[in-house]
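Numbering (this note's numbering), first residue to last: 15 to 817.
Treat the hints as calculated values from the structure; they're not laboratory data. Note that this is a predicted model, so its numbers are computed, not measured. Built from N, CA and C at the ideal position, the CB exists for glycine as well. Please note that a few of the clues may not be correct.
[Said to hold, decoys possible] Here are the computed distance ranges between Cβ atoms for each label pair:
hint : residue 1 : residue 2 : range
1    : PHE572    : ILE378    : 52 to 60 Å
2    : GLU210    : LYS256    : 16 to 24 Å
3    : THR314    : LYS596    : 37 to 45 Å
4    : LYS375    : LYS330    : 28 to 36 Å
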Amino acid sequence: MSKLYNHKTIENKWRKNWETEPINLPSEDKKNYYCLDMFPYPSGSGLHVGHWRGYVLSDVWSRYKILQGYHVLHPMGWDAFGLPAENYAITMGVHPAKATAENVENFKRQLKEISAVYNWDNEVNTTDPNFYKWTQWIFVQMFKEGLAYEKEMPINWCPSCKTGLANEEVKDGKCDRCDSEVTKKNLRQWMLKITEYAERLLNDLDALNWPTKVKKMQSDWIGKSYGAEVDFEVEGHDEKIKVFTTRPDTLYGATFMVLAPEHELVKTLAAETHNHDVEAYVFNASLKSSVDRLQEKEKTGVFTGNYAINPLNHEKVPIWISDYVLADYGTGAIMCVPAHDERDFAFAKKFDLPIVQVIAKDGIEVELDEAYTEVGIMINSDAFNGIPSDQAKEVVANYLEENKIGVKTTNYKLRDWVFSRQRYWGEPIPILHCPDCGPVPVKEEDLPVTLPEVESYEPTGTGESPLADIHEWVNTTCPECGGPGKRETNTMPQWAGSSWYFLRYVDVNNKDALVSKEKMKAWLPVDMYVGGIEHAVLHLLYSRFYTKFLYDIGAVEFEEPFTQLFNQGMICKNGAKMSKSKGNVVSPDDLVENYGCDSLRIYELFVGPPELDSEWDDRGIEGVYRFINKVWNLVMDNKDRRVKVTPELEKIRHLLIHEVTHRMDSFHMNTVVSAFMEYTNSLIHQSKHNQGVDLDTLKILITLLAPFAPHMAEELWEVIGEKGTVFNQTWPVADPEKMKEDVIEMPVQVNGKVRATVTIGVDEAKESVLKKAKLAVDKVINGQSIVKEIYVPGRIINIVVKA
RNA sequence: GCGGAUAUGGCGGAAUAGGCAGACGCAUCAGACUCAAAAUCUGACGCUGGUGACAGUGUGUGGGUUCGACUCCCACUAUCCGCACCA
């Protein structure tokens with residue numbers, strides 16, 4: 015009789031075994047494969063079944079690659095800088111490094127429950143000075159290349175986190191991390207010139223094997239648009255106002271201009287005319303939070319009293335100021351064509367400004383009660399009249415260039431990356447400020463600049479980091495001139511380490527370089543990257559930027575870090591994302607205890623299509639547990655029966671290989687599990703009702719199952735008398751010949767409705783098949799005349815009849 | 001407002017290339033085993049009508065293409081996600 019399946023004993027046995035005898039070893043004839051998880055922030059709260067999903071996916075994929083004969087790098091590490099550890103330090107007085115170390119230990123212990131084949135020897139931790147030495151090194155290189163620069167400007171400020179934020183970290187005007195309303199604060203900032211890479215970041219998306227959604231989000235975020243920059247003369251001034259427009263074809267309809275309140279000309283104009291309305295408006299605008307600005311429905315604005323000249327029709331156009339114009343896009347000033355732009359239309363209506371139609375459907379001018387934004391024919395535009403507006407963009411832009419009034423250009427929504435944070439728990443920015451030499455990078459041999467001890471981790475809230483209080487650390491000498499210098503006290507954002515950590519995994523102990531050429535060639539770039547969608551325009555964009563920069567300075571030899579990307583869906587419970595704050599967290603602990611790691615691994619895949627969000631149902635794991643037990647019993651019942659293979663068994667075996675492999679390659683993991691269940695049921699049927707199941711078929715089943723249920727697979731491999739690990743096997747290949755049927759059941763339709771099925775031979779002639787089919791549906795045809803007979807071999811027979 | 005995704009039984013979901021809709025699993029019901037229960041095994045299981053064989057109907061809604069549509073086209077609805085005064 016069969017020995018009962020005991021998951022606890024078996025899983026513990028193999029976990030220990032794998033520690034002493036690793037399954038994923040290099041060898042001469044193996045190719046390398048790099049399968050990466052987005053490394054976690056080691057939070058204090060535990061892993062839930064939602065976290066498991068991505069880790070199980072990447073592990074199953076890694077083990078699949080191992081069986082396909084690859085040496086797989088599947089590393090894990092810690093994105094350990096960041097606010098939670100710092101906030102914990104503030105309230106509990108524990109050094110963030112200590113709290114972080116504890117969390118890492120705890121997290122690691124929980125991760126080990128998954129039994130993934132992680133390369134723990136290649137672990138990285140962003141807070142380790144040996145790691146952040148290179149994070150700082152990259153910054154120094156960027157500084158040297160002019161890509162890291164200082165600027166005083168109004169930036170997004172989170173009053174709760176008391177730090178500046180990048181644009182990418184602001185969602186709906188709120189802080190991505192704590193949901194507080196983001197305000198503006200004028201601060202000296204370190205910026206990274208990611209905009210210099212906008213074009214390449216956009217173009218290189220095409221070649222990536224990434225979900226289209228992520229590519230779309232990135233290209234929208236970069237936001238390229240084509241148009242022209244046009245110069246407007248200002249009446250009574252030498253300086254001109256430059257505007258950016260995507261619609262040069264509407265230039266004759268530009269009846270006023272609007273400057274952003276922060277536009278540099280605004281101060282000059284206001285001072286000249288002593289216009290207090292302007293000053294008041296600008297002051298008010300500076301107080302508004304982005305949420306206020308977003309919620310504003312009515313347009314506001316103020317007239318400066320000055321006029322510009324429309325460069326084409328030479329009409330005087332009034333210059334207004336309004337906060338609907340963004341200071342940091344384009345030139346911070348726009349020409350306004352109320353007839354053909356909704357926002358300009360609303361503004362013109364409110365302030366009673368002239369509306370001149372210059373594009374009209376079929377060239378016929380009509381009374382406009384809203385902006386006409388469709389294509390049409392140019393009117394009221396002198397020599398350009400009659401040109402279709404879609405062509406006119408080019409025609410007018412060319413005219414502007416010829417007459418030196420404007421130039422064709424492009425604009426991007428992407429802004430430079432606000433890179434400094436006014437917090438303690440991050441990498442110190444490796445720069446010294448010297449009164450004589452200005453900002454000077456710390457010499458490479460003096461890296462890393464380690465974080466000093468502080469008395470208080472509390473952010474000052476003034477825009478200074480807590481580091482500013484440590485005078486003995488701040489005050490140092492300038493490496494250029496030897497005079498007194500002060501250290502930069504801002505730290506880097508959490509994204510700094512995560513923007514390049516994947517490079518370090520392949521060469522964690524290298525003291526002389528970020529990564530050696532040799533290791534880099536062997537492993538990089540990453541073949542498969544698995545993680546959530548939430549980093550679409552954050553980490554994934556930053557990493558691409560970093561990689562391109564490192565490519566440009568010759569530090570790496572590829573331009574894109576992640577060849578293939580997979581975003582797993584979230585696990586939901588009661589319709590909401592699983593999270594501690596919502597109180598709907600399902601812990602894996604009891605499930606592992608009661609059903610075993612193998613069962614939970616398989617259920618994580620079976621719960622739904624991996625790319626979609628799925629609702630968690632604890633009861634579902636019962637079915638997987640039953641399946642595991644069925645496989646166990648099947649092998650136990652047949653291991654000693656010395657059954658000879660039959661064509662029927664071979665057919666099941668090869669269909670199983672084919673289905674599992676095919677569904678694996680298309681990443682339909684949930685249906686891979688279905689295939690296992692389906693064919694295991696067939697084998698159980700063979701076992702019970704025919705002579706049994708042969709050993710070779712069982713071996714195939716065990717091998718295929720190994721990535722999914724590694725513990726049980728190893729145990730069964732041993733049970734059937736095999737030596738060594740099942741992961742030394744090669745992933746089997748299906749033989750199409752063996753999957754063939756002798757006879758086929760063919761459905762027979764009459765007028766598209768299935769009315770019968772007939773059994774035919776694989777090579778049976780068409781005439782014979784149709785004869786059988788007509789006989790089978792004779793009653794349904796019932797004497798009606800046959801109009802058409804359709805026979806798609808292997809698919810369907812359809813008899814079309816007419817009364 | 002713009003863009004994208006999704007919509008299939010009581011539930012999660014399946015359906016290479018337009019070809020038997022509901023695989024696989026959960027739940028439920030019935031039966032076997034049991035003193036009994038659990039576990040396990042066997043069977044039923046979209047909806048409507050019929051004792052029944054069977055018939056009709058059915059993949060968010062309305063149209064269309066086709067011998068044939070969950071699948072393709074057009075229009076719409078709902079839910080979710082992303083962006084949002086980017087000129």
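So, going through the hints one by one against the coordinates:
1. PHE572 <-> ILE378: 52 to 60 Å: holds, 57 Å
2. GLU210 <-> LYS256: 16 to 24 Å: holds, 20 Å
3. THR314 <-> LYS596: 37 to 45 Å: holds, 39 Å
4. LYS375 <-> LYS330: 28 to 36 Å: For LYS375 and LYS330 the Cβ distance comes to about 29 Å; the hint holds.
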